[in-house]
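Read off the chains here:
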Amino acid sequence: MVQMSVAPTQAQLIEIFSTMNRIRAFDEKVDELFAAGKVYGTTHLYVGEEAVAAGVCAILEPADYITSTHRGHGHNIAKGGDLKRMAAELLGKEAGYCHGRGGSMHIADAAIGNLGANGIVGDGMPIAVGAALALSMQRRPQVVAAFAGDGSLNEGAFHEAVNLAAVWHLPVVFVIENNQYAMSTAVSRAYAIPELIERARAYGIPGIRCDGNDLLNVMETAGEAVARARAGGGPTMVEAVTYRWKGHSKSDAQRYRTRDEVAEWKKRDPVAALARILTAQGVAQDTLDALAAAARQDVEDAFAYAESAPLPDPAALEGAVYA
Amino acid sequence: MVQMSVAPTQAQLIEIFSTMNRIRAFDEKVDELFAAGKVYGTTHLYVGEEAVAAGVCAILEPADYITSTHRGHGHNIAKGGDLKRMAAELLGKEAGYCHGRGGSMHIADAAIGNLGANGIVGDGMPIAVGAALALSMQRRPQVVAAFAGDGSLNEGAFHEAVNLAAVWHLPVVFVIENNQYAMSTAVSRAYAIPELIERARAYGIPGIRCDGNDLLNVMETAGEAVARARAGGGPTMVEAVTYRWKGHSKSDAQRYRTRDEVAEWKKRDPVAALARILTAQGVAQDTLDALAAAARQDVEDAFAYAESAPLPDPAALEGAVYA
Amino acid sequence: MSREITYAEAVREAMAQAMDADDRVFLMGEDIGVYGGAFGVTNGMIDRFGPSRIRDTPISENGTVGVGVGAALLGMRPVIEMQFSDFVANAMDPLVNQAAKIHFMFGGQLCVPLVVRLPAGGGTGAAAQHSQSQEAWFVHVPGLKVAMPATPADAKGLLLAAIADDNPVVFVEHKLLYRVRGDVPEAAEPLPFGQGVVRRQGRDVTVVATSLMVHKALEAAERLQEQGTSVEVFDPRTLVPLDAAGITASVMKTGRLVVVHEAVERGGFGAEIAAVVSGGEAFSYLQAPIRRVAARNTPIPYSPGLEAAVIPSVDDIVAAVAATVSGG
Amino acid sequence: MSREITYAEAVREAMAQAMDADDRVFLMGEDIGVYGGAFGVTNGMIDRFGPSRIRDTPISENGTVGVGVGAALLGMRPVIEMQFSDFVANAMDPLVNQAAKIHFMFGGQLCVPLVVRLPAGGGTGAAAQHSQSQEAWFVHVPGLKVAMPATPADAKGLLLAAIADDNPVVFVEHKLLYRVRGDVPEAAEPLPFGQGVVRRQGRDVTVVATSLMVHKALEAAERLQEQGTSVEVFDPRTLVPLDAAGITASVMKTGRLVVVHEAVERGGFGAEIAAVVSGGEAFSYLQAPIRRVAARNTPIPYSPGLEAAVIPSVDDIVAAVAATVSGG
Ligand SMILES: Cc1ncc(C[n+]2csc(CCOP(=O)(O)OP(=O)(O)O)c2C)c(N)n1
Ligand SMILES: Cc1ncc(C[n+]2csc(CCOP(=O)(O)OP(=O)(O)O)c2C)c(N)n1
Ligand SMILES: [Mg+2]
Ligand SMILES: [Mg+2]
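Residue numbers (this note's numbering), protein chains in the order written: chain P, 68 to 390; chain Z, 68 to 390; chain L, 759 to 1086; chain R, 759 to 1086.
These are calculated hints, taken from the structure and not from any lab test.
Treat the numbers as computed from the prediction; the structure is a model and nothing was measured.
Each hint should be verified, as a subset may be incorrect.
[To be verified] Quick partial rundown of chain Z residues pointing at chain L, CB under 8 Å, derived from the structure:
#, residue
1, Ala125
2, Ala175
3, Ile179
4, Leu182
5, Val196
6, Gly197
7, Leu202
8, Glu227
9, Val234
10, His236
11, Val254
The C-beta atom is built at its ideal place from N, Cα and C for all residues, glycine as well.
Could you build all of it, start to finish, from the sequences and the hints given here?
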């Protein structure tokens, strides 16, 4: 089996720490803005799950591709997305990634290989498989990582897509973010299997489970899966076990879980865990604090930019439907 | 694990032998009529696979339910269907099961628990699961057997339905007729797994494989699965390995397989195999020949009846859309 | 006896009363249990009816509708909530190829008493994949019935009728209507399908509007009244069966027709109404072209200003009616 | 240079020429390889282009279209064959919620050059689940284009244009047309979308017909000519974009309109045409109600006599035109 040979350097880890802080700060800010009624529509926050996107994207090459989900801010930031264009999109501005046409659930950045967030649970996976098919037909070396939630594995789209990837032996990694719930539905109520990677075997592909709050474990697991895909070894399913700290979306009374459970998981904060690793490596707390502060500042700057940016012109819409 | 405790009696086996001969004779006759251009539309013949339907339906109680497929004549005959109404349906007559509205692909017999053949690959399975859900909510003791082809396991409908059955622990048996091909597509080209029952594990339900040309093996396997369902043990997937002797449908050049392969499988004729068992049990060849002849005669009578039956009146159609 | 409740409460009440009266009725959907559904429509029902009859499903729209069909074949009366109308695209096959055809295709042996509830429409900032109005697809599928109530009372009465119907019914609810209040009878009284209602009498022009647009049309009619134009507002309430006679009678009286719906214009239900009128008895009474007011032919965008520009407004209706009345 | 080939051959030739000219073009579908497709349309192509570009899929319509979308995002130009049009119900979600919206929803960053070919229509005794005409669903989805060629030459030219288009195109082929022969240019010449064609000039009435119905309309026109009625037959060829100007001009000339399609009448594309005409410039030229000739509002039945009664016939067209011309 292919293994990630080299452990990440401290410089890499520090960069990833910054990324995770940017994800955290961005979604905390979004939460605040929604609570204040300053953003339209709805949103799904990634707080608590940062190590998954950050770990997987740290393994990917810049030219590799991802598909994302409704809970997609973290994916785009981890892949190298622009906070300003994200903020502008959330505020419905012309400078946003989608010129205000998409909003929180529809951020894509073609230039960095993010083929798009998705409002339809499960639909990122067939798209990822198609991208992988294109790469394979074009004999290009890139791979695709498809982020997907634990809730998405019961959709037909998952099933059909993973099978096609398996039968055609395509360079794709399915990254299942098992954050324990699909909206109000606990994994145990949606599946009669103990681990989601059990599903991988049904398609004849490897499945690996990892601690999604442990960045190094995520990187190791994604490293193995991405290396296999890149080496022509076909798809892998990765299950990253993690937890969503916030409600499912803007409005969620969270009647389906206890405060204690949430509190318990918050003790396993992936950002703090990485901070501990860096501290153990001798990085000064001040340095880490400065990185976190810089991340927050970047987010503040992005939203300040977005607030002052102009709104889109509806007159452009009809011409925007067809390419 | 629940096992079928009693071996079938000779009287039972003789009745099943008759059933298998009726299935064989019916579809041979249909083949002949299509070849002669005497039937409209298309058809899918069950010749070579008789032991599956006959074995499974021999295990079911009359009040149990089945869902069927595009290759469904055998299922309806095995469940106790009326050859005359089948023949009349194929000839598009008012006396047919569907008053000529359905044809070969849409035979249902609500009175005997056949919830219908299906022109959409895979769609019988969710319907079976729904029927099983109804039975469970109504606290009735019946079970449902869903016949489905090897090609149907890559449809989302299969995936979603089996998971719902598993999570809700419903009294349903998925009978996968693995006849090696979905139209031109060999199982090995549609799946990256050696056995289709590998899929069962992904939903946390038992999967059992059996020789679909060996009636006793089919009965034993179905017996276990049906007993489990009836005892409240939830769903089972049964894979019955068999072979389709004829082309996929009316017109099929069969470029995807060799004559030798077909010839090889014909040596494993399930009807002849059951005849050998009965002969070994001391049943006279004459008796078996007479049963086969009677089956052919029943089929001839059915089509004679159907030919002379009146056509439906188009004026009734618009009133037939809504219940 | 009636009292004022919201549209969401009316939908809930219809389901609860149907469940009280008939054991065969049960609900399936994503997060309809403790969560109460994405729009709170099933709030509290699980406490009263338990998790078997208020049945949370995994995220499997196709399977859920297929299972609903199977349960209906054995005499149950499933009511399925799509979390958003948009996701019914995942369930087109069981709805269209199974539910709609089974009764006909099997020669009347079986029937499919199934209701699929669709929270439809935009105006919530949920963008292209969570804001669609897809009723026209279902109108084009023989074997389905389609209801589209605009008021709490109609929501209750039509849903009771839908649940009692032996056929599959697509029941379209507009998200922005859920909080609208109105008088609703306490008793469980089904409203017959196929009977439209004149929401406002008028002389100069007929406006046929559906769902949320009924309210916008009434608002437009108020304004137009001030300008001296008398608008008749007709709400068909069910699209299949359609009260073609009611629409025809109104157009024969006014001589002018404007059709208003939120779905995109091209291929929308407004086309069907235009065809019914321009192909029927009312044709020779028409004094002006039939205008359609509908969403622009684009996906629904996110940004509030963009979204508002795409979805028909009261202003759009006023303008179209004015043009219809003044143009000849 | 042109020569007479069948419609199926024309479709195949378009695909082969596109594949010769452009590496990015490839086909996916069930049994399109050695089997040649359920209707033989891809016969022999696998020998020439190999199994990677003539890609047999497992039975997974949803996944296949979703994969097509993903491949298109990375610059490929997938052409997907639904084995029967009916099965596109399984793929509505990727077509409608992904393919159609991606370009718009992501602010123009990406596009989806995807073609989905639908062998549609009845007349083959394949009954309710294998005989549908679903084009109206797609017309109602902004972001999709819809083509419906009636002749071999149009099939070739429009398919070449569809493959070259940067947008998702639903390409509707009628099974009964596959064996129809006609003159087809040898060269790979795309036909522009949005340009209808007058198939027959006439004075008294315009018949707008699509796909197979164009041929039935022409036959009806011949018969009507004998009765002294001069029929203009207009074939829009693509439904989105639609040549509204062409239709309008024809109706302004004849003053009468009959719309003919095979899909069921209610909510069919004929409604859209009726709406375009009764809502536009041609309205005041109309001397008679707009009649629709379409399938009855039932699923397609199996028995030949039943099927024939449901699907529009030449007689039905003749009768509708005669009524339109004689009625006022
Ligand atoms: C096809 C479809 N069905 C339902 C929904 C509504 N919905 C949005 S997110 C969600 C839960 C998804 O859970 P999961 O996949 O675990 O992702 P998470 O939200 O936990 O990140 C649901 C039901 C949807 N967007 N699309
Ligand atoms: C949704 C759908 N896709 C495709 C088809 C066309 N089709 C009919 S039967 C068939 C092959 C089915 O193979 P399998 O399930 O193995 O059953 P078998 O014919 O071998 O009995 C195909 C592709 C269909 N009827 N429905
Ligand atoms: Mg989750
Ligand atoms: Mg098979």
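Here's how the hints hold up against the structure:
no., hint, result
1, Ala125, "violated (23 Å)"
2, Ala175, "holds (4 Å)"
3, Ile179, "violated (11 Å)"
4, Leu182, "holds (5 Å)"
5, Val196, "holds (5 Å)"
6, Gly197, "holds (2 Å)"
7, Leu202, "holds (7 Å)"
8, Glu227, "holds (3 Å)"
9, Val234, "holds (7 Å)"
10, His236, "violated (12 Å)"
11, Val254, "violated (23 Å)"
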